[in-house]
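Undergrad: Now for the letters of each chain:
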Amino acid sequence: MSRSILEMRGITKTFPGVVALNQVDLDVAPGEVHAVVGENGAGKSTLMKILSGAYERDAGSIFLNGQPADISAPADAIRQGIGIVYQDLPLVPSLSVLANIYLGREETGRLGKIDRARHLARFEQLCDSFGIYLPPDSRIRDLSVAERQLVEILKVLDRDAQVIVMDEPTATLDQNAKQALFQTVRQLQAAGKSFIFITHFIDEIFEIADRVTVLKDGCRVDTLEIDQTSPQEVVAMMIGHSPREMFPEKTGAASGRPILQLRGIYIDARIRDFSMTLHQGEILGLTGLVGSGCSDIVNLIIGNLDYDRGAVLLDGAPTRISSPFEAIKHGICLLPSDRKGSGLLLDFELAKNVSLSSIAKISPRQVIQVQRERQIASEFIEKLRIVTPSARQRVRNLSGGNQQKVVLARMLRTDARILILDEPTQGIDVRAKEEIFLLMRQLADQGKAILFISSEFKEIAGVADRGIVLRNGAITAALDRDEISEARLVAAATML
Amino acid sequence: MTMKRGQEAQTRFSALVKALSLQNMAIVYVFIILCIVLALSSDAFLRPRNIINIIRQASVVGVLAIGMTFLLSTAQFDLAVGAQAGFTGVVILLLIPVIGFIPALLSSLGIAVLIGLITGAIITKIGVNSLVTTLGTLSIIKGLLLVLTDGRILRGATPELRWFGSGEILSIPFPVIAFLGLGILGEFVLNYTRYGRYLLAIGGNREASKLAGLRVDEIIISAFVLSSICATIGGIILLGRIYSASPLGGVGTEFIAITAAVLGGTSIFGGEGSVWKTVVAVLLLQVLGNGFNLLNIGANYQELIQGFIMIGAVALYTYQRRRQ
Chain A
1 MSRSILEMRG ITKTFPGVVA LNQVDLDVAP GEVHAVVGEN GAGKSTLMKI
51 LSGAYERDAG SIFLNGQPAD ISAPADAIRQ GIGIVYQDLP LVPSLSVLAN
101 IYLGREETGR LGKIDRARHL ARFEQLCDSF GIYLPPDSRI RDLSVAERQL
151 VEILKVLDRD AQVIVMDEPT ATLDQNAKQA LFQTVRQLQA AGKSFIFITH
201 FIDEIFEIAD RVTVLKDGCR VDTLEIDQTS PQEVVAMMIG HSPREMFPEK
251 TGAASGRPIL QLRGIYIDAR IRDFSMTLHQ GEILGLTGLV GSGCSDIVNL
301 IIGNLDYDRG AVLLDGAPTR ISSPFEAIKH GICLLPSDRK GSGLLLDFEL
351 AKNVSLSSIA KISPRQVIQV QRERQIASEF IEKLRIVTPS ARQRVRNLSG
401 GNQQKVVLAR MLRTDARILI LDEPTQGIDV RAKEEIFLLM RQLADQGKAI
451 LFISSEFKEI AGVADRGIVL RNGAITAALD RDEISEARLV AAATML
Chain B
1 MTMKRGQEAQ TRFSALVKAL SLQNMAIVYV FIILCIVLAL SSDAFLRPRN
51 IINIIRQASV VGVLAIGMTF LLSTAQFDLA VGAQAGFTGV VILLLIPVIG
101 FIPALLSSLG IAVLIGLITG AIITKIGVNS LVTTLGTLSI IKGLLLVLTD
151 GRILRGATPE LRWFGSGEIL SIPFPVIAFL GLGILGEFVL NYTRYGRYLL
201 AIGGNREASK LAGLRVDEII ISAFVLSSIC ATIGGIILLG RIYSASPLGG
251 VGTEFIAITA AVLGGTSIFG GEGSVWKTVV AVLLLQVLGN GFNLLNIGAN
301 YQELIQGFIM IGAVALYTYQ RRRQ
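Chains as they are written, first to last, in my numbering: chain A, 1 to 496; chain B, 1 to 324.
Source of the hints: derived by calculation from the structure; they are not laboratory data.
In this text the structure is predicted, and so the values were computed from the model without any measurement.
The beta carbon of each residue, even a glycine, is placed where N, CA and C say it ideally should be.
Hints may contain errors.
[To be verified] With the Cβ distance kept under 8 Å, some of the chain A side facing chain B (calculated, not the full set):
hint : residue
1    : P336
2    : S342
3    : L344
4    : D347
5    : L356
6    : A360
7    : I368
Produce the complete structure using the sequences and hints provided.
TA: Written as structure tokens, this is what we have:
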């Protein structure tokens, strides 16, 4: 027991209406790489936020080197030797490597002048002792993602971190960079540092980790020695026997007319040889982990992103769509994944949000017919069962599920025939999810073609007629209606 | 059914209460109070002549502020409009002897469209922000003014030109008609038409507007063109009022225009805009100056007080929004 450098015991955390973590244990030995895996919402990030002091736990205790540790703010965690390397790498792009590493902890000389020489000496010593090399004066914005990650690692090492938490460190790295990162991790491991490795990529943990803890729905399923398990076993534990959610029956016409085809698309080095065909009356699922390229495909279809090679065909004819304006003219409409950032006008009333894409139809002449606008919104409030006091409510005051329905209503008003739903269920409750799934199926039955993007494999398996899985910008599986299952989707997204 | 109608009446009533709330109408109430105070303390204030005079004096800044309200609604602004108003006068005075009155007037409007197009294109298509871009255009236009006038004041306004400063229709001076007319037109366009809705939507959330299929860049450029045209109309009125064009004419008015729009509750972050309240705010600032004269307080205090009012009003808006 006392051999552990970090022990978390019985960690419990509840949010209103959700038990995010339920009696979770985790222990990390000195010099160990400990992987933590689980599906979205399993509780990985919540657990790490408790360890980093960003969240307060409801119950449970944390021990460092066998001593009870009091972690109630991020500064406590840092002081006690816990270093977090965040996925989004919070660095100042315009400052140098050196300035970033010592940001907020600058050593100063006379007149408050920053003592660069002392920083440099410390930096070089740090680099030497861990076998890392980075140019100290390069600006962060000129570095690759992998190099930025090293800056973050150096930052936590300089604060004498004993346990380094890495959140999805490989999601945005290519193969070479990944191997280089693993090499660094092994060197640091040899120097006695411990790692907690949060990842979605199951095959990677068999390369780098000593043990793996599997979380599911806020509970720890098990902790396994890596050489006594297999990727298949880990995936099976992650999925578990989920209670069946209410998915609508799949009735997608297998023989619908192809409407939208992408052929052999290349975008920079990010997307390689991507092809898909979307038929009338079907729901096509597109899935993959963060950084897999799904969002590039979405942006390409709606004309927000250019491609280098390949072709886009609408109704069999090559078509160049160069802006969302043109996409809508072609009957392609997007429900953006970032509902608040790129979907809604939060301070506008509901009716104005609904009419935004179709106001020319509501008011054929310039003057807006406000009564008609509100009446149309009211119809959608009834049809989509949007919970709101009136059509004049500001959408900022609606719940996530109801906000999403407002964006959906806007799409439906356009009479688009190709609907692209990018993570439509993000941050909304189960009931609203079910309603949206049902609505998607009804729309498909009416002949719409639906491209459904989600990182929730369960949803894709439950809702889509067919599924395409991306990993690192390439298709790793295209599953037909009799092949699509959560296990296959997870396997294709997480294993090579 | 009756329930529903009752509810509807209730929402309508609460909407009215909200529309008349201090938060929404602060500037209007301040304006009314100020007018009452001045009317009580000076007999001269309410005389039609004085009122017409106030509106006429406010007209140049007012027209600029109306254009600025359009820009601010889309979360843009233009620091060069004041200088552009002065530039208009110089251009017209230089062109009249060469090509005649009407062509000179039309040319100045053509130049306005061109300036708006170029400014808007630099901001949207290249992506330079509007502060930097319009600081640049401000400097260019001021420079052009000096080059074209060689630093001297140009005279030679023709009688036709004077009409734009003091001509009357139904005994109401043209500047008053232009200012209030544009105010009414602007309020209508911004809050009751599709085009206005698009401007506000882009200011509210540019990305969402783009994804909703609006031609965001083109609409922003058009707002710059409109503001530029307003600046030129302001310049024509200015020329008609002072009969001459100086190399420094109009410079600085853009700040009063921005002050007025912001006082009127238009957010510099876009998404909200009210032309009629901008008009009220312009009049408020003018009445303040007028009041100082009537009450024999030095006009020197005007800018000082103006600054306090602006910060006070915006602090109030911001505080109330944060509390929501």
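Undergrad: Taking the hints in turn, state whether each one holds.
TA: Taking the hints in turn, this is what the structure says about them:
Below 8 Å, beta-carbon pairs count as interface contacts, and A/P336 has one with chain B at about 5 Å; its hint therefore holds. Hint status for A/S342: holds, given a least beta-carbon distance of 4 Å to chain B, under 8 Å. For A/L344, the shortest C-beta to C-beta distance to chain B is roughly 6 Å, which falls under 8 Å, so the interface hint holds. Because the closest C-beta pair between A/D347 and chain B is about 6 Å apart, less than 8 Å, the hint holds.
Among the interface hints, the one on A/L356 holds; its C-beta lies about 5 Å from the nearest C-beta in chain B, closer than the 8 Å criterion. The interface hint given for A/A360 is met, as the beta carbon of that residue sits about 7 Å from the closest beta carbon of chain B, less than 8 Å. Look at A/I368: its Cβ gets to within about 6 Å of chain B, closer than 8 Å, so that hint holds up.
The structure meets every hint from the earlier list without exception.
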